[in-house]
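We have chain A already, so just place chain B on it with the hints.
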Amino acid sequence: MSLENRVTEIIIDKLGVKPEQVTMEAQFDTDLGADSIDQYELIMGFEDAFGLRIDEDEATKLTTVGKVVEYLKNKDLDQ
Amino acid sequence: MNRLAVVTGAARGIGYSISEKLVESGWSVAGCDVLEDDLKAASSKLGDAFSPWILDVTDEDAVKDVTGKIEKELGPVFGLVNNAGITRDGLLMRMKKADWDIVMNVNLSGAFLMCRAFSRCMLRQKEGSIVNISSIVALLGAPGQVNYAATKAGLLGLTRALSREFAARNIRVNAIAPGFIETEMTRELSSEVREDYANRVPMKKMGQPENIADAVHFLLDDVSSYITGVVLPVDGGLTT
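Protein sequence lines correspond, in order, to chains A and B. Residues 1291 to 1369 in my numbering are what the first sequence lists, from first letter to last. Residues 499 to 738 in my numbering are what the second sequence lists, from first letter to last.
Chain A extracted, bound-state conformation (with noise of 0.2 Å):
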């Protein structure tokens, strides 16, 4: 499964959105209503499925879909 895949995956799971509302320019807080325990428990799900740990200061940076799946390409992923 490709990267964007298993991203959209987890937000979808975690945020029970609908598959064609995460697009990879979807804001998680006004396109996907996530409050902000929602994006801190999304970051917690990256990080479970990825196996790294994402510093608080980059979290904060990772507002759309798409700066979550630039953000773990530039990682050395356990996929």
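One should not assume that every hint holds.
Unchecked claim - Pairs of lysine-lysine residues, derived as DSS-like cross-links and limited to a Cα-Cα distance of at most 25 Å, are as follows:
#1 Lys1357/A - Lys1308/A
#2 Lys624/B - Lys1308/A
#3 Lys562/B - Lys1351/A
#4 Lys538/B - Lys570/B
#5 Lys567/B - Lys624/B
#6 Lys562/B - Lys538/B
#7 Lys624/B - Lys1304/A
Claimed, not checked - Taking CB as the label site, the calculated pair distances span:
#8 Asn1295/A - Asp546/B: 43 to 51 Å
#9 Gly1323/A - Glu693/B: 52 to 60 Å
#10 Val699/B - Gly1341/A: 53 to 61 Å
Calculated directly from the structure, the hints in this document are not laboratory data. Ideal Cβ positions, reconstructed from N, Cα and C, are used throughout, including at glycine.
Below, chain B alone, put in the same frame as chain A:
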């Protein structure tokens, strides 16, 4: 499997009584304290259900390290009791900044660090209960205790704010405000303060650490599963 609770300031006084009550009620307890000898004594009295952890709650790195080890060795933490507290009493005019800072660091920042450390675990398991041990001086004030009273009032703010953050995640956050309880700490208070409090207790007696332990057990247990963000005075009617 028994539920696991972490209790800070567990070696003596109210913290020990809380640990004892929880162990008697079938919980496992990770007891944290800086008092190594007292912690060992507590451990030998409470048996295998109590695991002792040397921890200075003001040390951010140590909190991160020890809380990580507790989770790794003992499993997910359901309950957290922020009980560690100190006093450095004195009139405001004579209070040293260091005495303000150390009380703030132990009583308030320590609770913040512990809550933060275990929030991840509780969010992941979508359940948990945090009990912060405040004091009636947060509500009434007490001469010579501006530092202590400020931290205990701060704990109430922390409790209410965090309860809002976590409410939808099935993690409850409550506070207990003990009244005049017979412990090593209250024996250090000036006789004027002790007499003042004792005379004002409607039940005309001081409380025992076990009274606080019973209230903590209630707030950790599922019997209080719809209670969050409250401050429960356990004070013989002093604040009512």
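Structure-based check of all given hints:
1. Lys1357/A - Lys1308/A: With a Cα-Cα distance of about 19 Å, the restraint between lysine 1357/A and lysine 1308/A holds, given a limit of 25 Å.
2. Lys624/B - Lys1308/A: 23 Å, holds
3. Lys562/B - Lys1351/A: Distance ~24 Å between lysine 562/B and lysine 1351/A Cα, so the pair holds.
4. Lys538/B - Lys570/B: Within the cut-off at roughly 21 Å; holds.
5. Lys567/B - Lys624/B: Holds, at about 20 Å.
6. Lys562/B - Lys538/B: Measuring from Cα to Cα gives roughly 22 Å; hence the hint holds.
7. Lys624/B - Lys1304/A: 13 Å, holds
8. Asn1295/A - Asp546/B: 43 to 51 Å: For aspartate 546/B against asparagine 1295/A, whose Cβ atoms are near 47 Å apart, the range 43 to 51 Å holds.
9. Gly1323/A - Glu693/B: 52 to 60 Å: 58 Å, holds
10. Val699/B - Gly1341/A: 53 to 61 Å: Holds, since valine 699/B and glycine 1341/A (Cβ atoms, about 56 Å apart) stay within the stated range.
Checked against the numbered hints listed earlier, the structure breaks none of them; every hint is satisfied.
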